[in-house]
Amino acid sequence: MTRALASAVAGLVCVAAAIALLGYAPGPALRALVAGSLLGPAAWTATLLKTAPLLLTGLAVALCFRCGVWNIGAEGQLLAGALAATALATRGPVGAPAWLLGPAAILAGALGGALFGAAAGLLRSLRGVSEVISTILLNFVAIHCVALAVQGPLREVAGAYPQSDALPIAAQLPALGRVHAGVLLALGLALAVHWLLFHGSVGFRLRAVGLSPRAARFAGIAPERYGALALALGGALAGLAGACEVTGVTRRLYEGLSPGYGYTAIAVALLGRLHPLALIPSALFFGALEAGAGAMQREVGVPAEATKVVQAVVILLSTALSVGRAGSRRARAAEAAR
Amino acid sequence: MDLEITPGEVHALLGENGAGKTTLMNVLVGLVRPDAGRLELYGVPFDLSRWSPAAAVRAGIRMVHQRSALVPAMTVPENLGFGDPRGGPWFRPRRAREAAQALARRYELEVPLDRPVDALSPGQRQRAEILRALDRGANVLILDEPTAVLTPSEADALFASLRRLRDAGRAVVFISHKLAEVERIADRVSVLRAGRCVASRPARGLGAAELGRLMLGAAAVPGAGPVAEHPPAPRGNLPGPPRLELRGLSAAGPDEASRLCGIDLAVGQGEIVGVVGIDGNGQRELEEVLAGVRRPTQGEIRVGGAPVAVAPRPLRRAGVAHLSGDRDSAGLVPGMSLAENFALKGSYDDRRFFRRGRFDRAAARRAVAQALRRFSIVPDDPDFDCAALSGGNAQKLAVARELDGDPPVLVAANPTRGLDVASARFVHELLRERAAAGAAVLLISSDLDEALAVASRLVAIVRGSLHPVPPGSDRGAIGSLLLGAPA
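Just so you know, the sequences run in chain order A and B. Everything in the first sequence is counted per numbering that gives the first Met the number 0, starting at 0 for the first residue and increasing by one. Everything in the second sequence is counted per numbering that gives the first Met the number 0, starting at 0 for the first residue and increasing by one.
By construction, these hints were calculated from the structure, which means they are not laboratory data. Quick caveat, the model's predicted, so the values are computed rather than measured. We put the beta carbon where it would ideally sit given N, CA and C, even for glycine. There may be inaccurate statements among the hints.
To be verified - Examples of chain A residues lying across from chain B (beta carbon under 8 Å, computed):
#1 Gly199
#2 Phe203
#3 Arg206
#4 Ile220
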């Protein structure tokens, strides 16, 4: 906890330094950052809308990391989910009952993401392809699939821009005040993933594989199978994030739909120490940062990218600290064995 | 440890695994700095406080490892030139090739010079390694089990080369497990046991039995395991009907020696059968097959007369428990709690802890709390991280888990490795207890003392095959059997 807070604070300090280096006064910039993310209902709306996809993709990353699988492909899985949801909502079967369209679009998103994750999972379990490489590369595949879709089969009927038609009202996520129901869905899934990991037998085996594949194998758990399963489940979570984005926020599919949620997700997962419930504040932190960065750019002119420094610092600090911990644990074990 | 190596001799180092051979060699090549002692080369003392790999190279001590340390994509002359400070920043291909050729001719170490190293046979690669060592001016050449990767004719060629090196006045240190080789090539034999050099004698006239006796010791060195004078378990009493049977079991291994070939073995009710051998003769593979994680290429496992699929879950369901000294990888999951580790093996079918997709943490806590008290494991907190347990306590936890539910068959592989004497005795007591209660116990151990003390019958595993040890064999006889000498 203290370690997480320290990482976050260190990240913010670095942002202030970056802003100063860029030649802006850090004071007003940071004020705009806070005002745009936390002060007032509009700011909170923006923050929560960013938090939902970050939480879902963060869970996708954390679930896989728990199983010892380095899922760097949440971005691609998110886009695959967005693509699948849009395809179903705009090109789905005609004449289906309207009430079905919303849930079906969400489900299609989960399925699309799961398939994308499973692709990397199968490559890993059957052919031994490193998931780090395959998930990163599949991100590009997803980006280009979206580009292809919005310029081809899913392009709006009016044909003016490379984007899909607006999703039918029936396919859109119900509103919850100023935000959409996806926020609630993300919170619910954080609880669900927590239950799965710490109270479910599937999650028990998944964690065993992540902590010691060899011991898991001797206990009758097939590490390859669980690695693939983790990627499929993670893909489904990230796919849901994409589905919620198109059905709840953008209402259309277009290129550049995600500002890199799937990458920020890695920082979200690490700052939350891969703990599903701790991911909630962690996602909120990065969601606020994302929302505040927009406000900062509008009002003070500081490029929003300056806030990405936080991600970098958090990722570096978290990995350095956890590596240090593993090292000291090994040292302790060696000492005990003597 | 005192050891003297003379130029112009082939000096064989013999010793069991864990006798200190590797440590000694690591000291010589500078990887490990000794705590105390002196090192003299040609009578010149070396400053051991600044001993390092670079210093060892300057002193002319070179090692040829079992695994090639050459750059696979480069040819032999390129490998010789690689990292060679002579010749400055330039690499002159023709000159390097000529130098390599001259060196190869001189010692008759024939190696193709124009093909990349990864296209060479293991024997050629080894000759290339020797060439490189000689190229850098090796006075002392250390070879670590050099024949492990060679065919018999390649081994003959290697021996011829080693003799030429010896005649050229270099010292050759030859580490081996194989008695026949040592008899053929060595001028002098040193035997290591428990970190000491117990004998250093001219090789001529030393018999296999004598070497076996030296290597395994007439009596255990204090602290090196359970006391050898322990009254041997009753031998020859009639065991019950076979509980565990291996029939014609074959399985692949990482190398020739560890491949299992047609293993037949029956362990009766109430019997403790000890499988002894030099490490790397298939013990690990046998353990893995019995744990279900290595698929046999042939043969079957029967438990209580019925064939069982070789996979972890069917074997466990049939009542085969598996206790391994390889704690870190095989037994327990560091980072999971004691309760979780206790439940680990039942994650598919133990309905006490896993029901309808749910892990019953409270039930696992209760069960492990009982086990922690019974085996006096410290700390007795079910939520304690298993990674922070001491070696002895971790092994006790593994024992508690495996003996839970009184399995009729117990496979124990080096179950006391790394344990102190008291903990080891505790584990041995439990093995006897289980056998007395009617279980069939298979003890795979690289510690002969342990096997002698606990087992009611011994089998030797040599190059993946089992050979019965005649009852009443002494250490010398067992030793030469393990070393593969003809009986």
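Status of each hint after checking the structure:
| no. | hint | in the structure |
| --- | --- | --- |
| 1 | Gly199 | holds (6 Å) |
| 2 | Phe203 | holds (5 Å) |
| 3 | Arg206 | holds (7 Å) |
| 4 | Ile220 | holds (6 Å) |
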